[in-house]
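> Chain residues, written in single-letter form:
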Amino acid sequence: MKRIFGRPRSMTNKPFHYCPGCGHGIVHRLIGEVIDELGIQDKTIGVPPVGCAVVMYHYFNVDMTEAAHGRTPAVATGIKRVHPDKVVFTYQGDGDLAAIGTGEIIHAANRGERLTTIFVNNTVYGMTGGQMAPTTLISQKTTTTPLGRDARLIGYPIKISEMLAVTDGTIYIERVAVNKPANIIKAKKAIKKAFQVQLEDRGFSMVEVLSQCPVNLAMTPQKAAEWIDNTLTKTYPLGVIKDKSGD
Amino acid sequence: MQRILAAGFGGQGIVSMGKMLACAGMKEGKHVSALPSYGPEMRGGTANCSVIISEREIASPFIAHPDTLIVMNQASLDKFSKLVLNDGLIIANSSLVEINNDIRTKTRVVEVPANDMAIELGNLKVANMIVLGAFARETGEVKLDFLKAALEKIFPPRRHNLILINVKALDRGFKI
Amino acid sequence: MSEKVLMCGNGAIGEGAIQAGCRHYFGYPITPQNELTAYMAERLGELGGVFIQSESELAAINMVFGASAAGARAMTSSSSPGISLKQEGISYIAGAELPCVIVNVMRAGPGLGDITPSQADYFQAVKGGGHGDYRLITIGPASVQELYDWTARAFYLADKYRNPVMILGDGFLGQMMEPLEIRKIKEPKLPEKTWALTGAKDRKANIIRTLMLKVGELEEHNKKIQNKYKRMEKELIEYEAVLTDDAEIILVAYGTCARVCKESVFLLRKEGIKAGLIRPITLWPYPSAIIRKISNNVRYVLTVEMSAGQMVEDVKLAVLGRCPVHFYGRMGGGVPTSEEIVKKVKKLEAHRPEDDQPLAGRHKGTKRKE
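Residue numbers (my numbering), protein chains in the order written: chain A, 1 to 247; chain B, 1 to 176; chain C, 1 to 370.
Bound-form chain A, shown alone (with noise of 0.2 Å):
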């Protein structure tokens, strides 16, 4: 029998422990693929964050290690400088990403360090239980924002991926979301773009996801997904920021 669809070979036969309508499960599969695409499987090292994705590392053949909250591009850093020949790469939440490692992210692009980040963008803390995280939007109700996100006491959604592509050492910088099946296939282009531009020894790469956390975010799996398109591409619009891959 002909096998069209099936698991990634990368990936472990566990059953993801993500809620039910979590983007998590659909960024994993997505690096999977690309993983079996570009055949790098065996030369693969991931540092998963601090955060839901934790164990991200039940789910994929592939080395890995964890890192303390939002030091994840320094670990990268340094397991991608014993190894330059390895595809190293960072999946990070925005609390591990846009608050914690704020530096570590920064400098690490900054470096042109040659790694790959996925950058998971759910505007919520997911695993401490729903508090606010830098990328949530204005009037958004968190467990710590009760009242809505008042910029004048917290300031605004900050917009990492636009900061870092003013960094010389950022290479390619796409923001995509999986909410639906048209944006899931741009997703996984963009990260095996990104994935391609390490491959080539470019500098750094980075690819947003906006991504569903319905429990937090209190809304069914349908809503969560329309409320991507109808109001956090508002603020986060979809779409290359930087792409210097062909020059």
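Just so you know, the hints here were simulated from the structure itself, not pulled from any lab data.
Among these hints, one or two may not hold up.
Unchecked claim - DSSO-like mimics (lysine-lysine), calculated; alpha carbons at most 27 Å apart, straight line:
1) C/K316 / C/K293
2) A/K86 / C/K204
3) C/K214 / A/K14
4) A/K193 / A/K86
5) B/K27 / C/K4
6) A/K234 / A/K86
7) C/K204 / B/K30
Keeping the supplied structure of chain A fixed, place chains B and C upon it in accordance with the hints.
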């Protein structure tokens, strides 16, 4: 055992003097240590370096009472002269240091107008080497040739063009 | 024997690392250890190694985490305030059982303090520092040669036990220049790092982690690393004993203070006071047994530190009341002089211990000079 305290302004080459003495002592096959003062003092303020040259293993690199005090400026003399033992020696850069009779009666003093002599040689920066030459002659603790040999270790290869003037300065100090 | 070179302690640490095969250094500038960072930049540049001046101490220690996880011999160095910042990473490294070398050229605190030498990070180094139950192999060298030898050996010990090793120096040791013999490093062969992240080629994926959520798993992991620490306590202890055979009083000091104390012992002997010195070289594991043994034969122990009295607690734990334990220390950049220590001993000599405590409370092994 010879305990030497060299002191002066930052920029007078105090730590270089310490390194030279230690290198020359090593060449004699002796135990040596050189402990520079460090910190905000390094830039423009006072600098000092404690050097010990000893037949025995050196326990403490710190010097409470130097056998020889080398002072390149007045502030250093004022600060350290009282530490010198009665049978000790003070070598002073008399271009910048004035020594009162009180000190003279207690301690043997050798005065070297090092700045003036260095200017005569054409480079003020070698005043420290003139004083080291004088130290070698006065104490016999280190051989002049060993001090000269140490210059190669103190200067990085790209500065080796400076060795000649420094050798001249060592000779000049030795012949006072 | 190779020719000796005059080198400062910071440089000797760097060369020891290079000779031990360290080709990955990550650090952030801080006085008084900048010579070490510059030395590594220069040497690793020559050798085609990796030197990164990181954006912070946090980044530096986590780059070390990554390089070590990838199987390399990696090092970072800093001074007290910077070492405080590294504690998070050190806890993770200890928990993940990754080998690495961390150098602390201590300066005076608390806070920004100043750049003068100090030994006030002893607690932080030997009692934990970061969160969780873990230990660092902690070495307190006392000369430029020892800084070289022990830094080189630290890489071997780190690999052997899969544990971070801390070289605990101070500003004076870093700046002090002494003759250094750059000895060839010989070390026993170690097993291959099959656990390292190198890409899961023809094997199962390697995972390095400290998060253990399964019930009981974390306790088992803790038991495992505690057993490793017990093995270190049996296998690693090193100290220097100076004139202890006939000593009636014993000084205990490490690093710079031990150098000063050694001179004090000679001065005291000249005055007819039979003093000796125990100089712990491994600060963790601590040479408690020798101090305990000697405490049976001496009238008292005097611990000397550049702190308010930190190691003295370990000395007291070793002595366990067999004889009095006294302390002399200087803080905030002050260094005890040999004369101050002699004065302190003379004061103790003039003092009758009976005045302090009833005879019945004293250990019978304690002797008093008549």
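> Does C/K214 pair with A/K14 here, judged by a C-alpha cut-off of 27 Å?
holds (16 Å)
> So if I understand the rule, the pair passes when the alpha-carbon distance is 27 Å or less; does A/K86 with C/K204 pass?
holds (17 Å)
> Do the alpha carbons of C/K204 and B/K30 lie within 27 Å of each other, as the hint requires?
Violated: C/K204 and B/K30 sit about 58 Å apart, past 27 Å.
> Is the straight-line distance between the alpha-carbon of A/K193 and that of A/K86 27 Å or less?
Roughly 16 Å separates the two Cα atoms, so the pair holds.
> Checking one constraint from the list: CA of A/K234 to CA of A/K86, max 27 Å. Satisfied?
With a Cα-Cα distance of about 37 Å, the restraint between A/K234 and A/K86 is violated, given a limit of 27 Å.
> Is the Cα-Cα distance between B/K27 and C/K4 27 Å or less?
Measuring from Cα to Cα gives roughly 9 Å; hence the hint holds.
> Going straight from one Cα to the other, do C/K316 and C/K293 come out at no more than 27 Å?
Judged against 27 Å, a Cα distance of about 13 Å means the pair holds.
Taken one by one, the earlier hints fail for this structure at numbers 6, 7, listed in ascending order.
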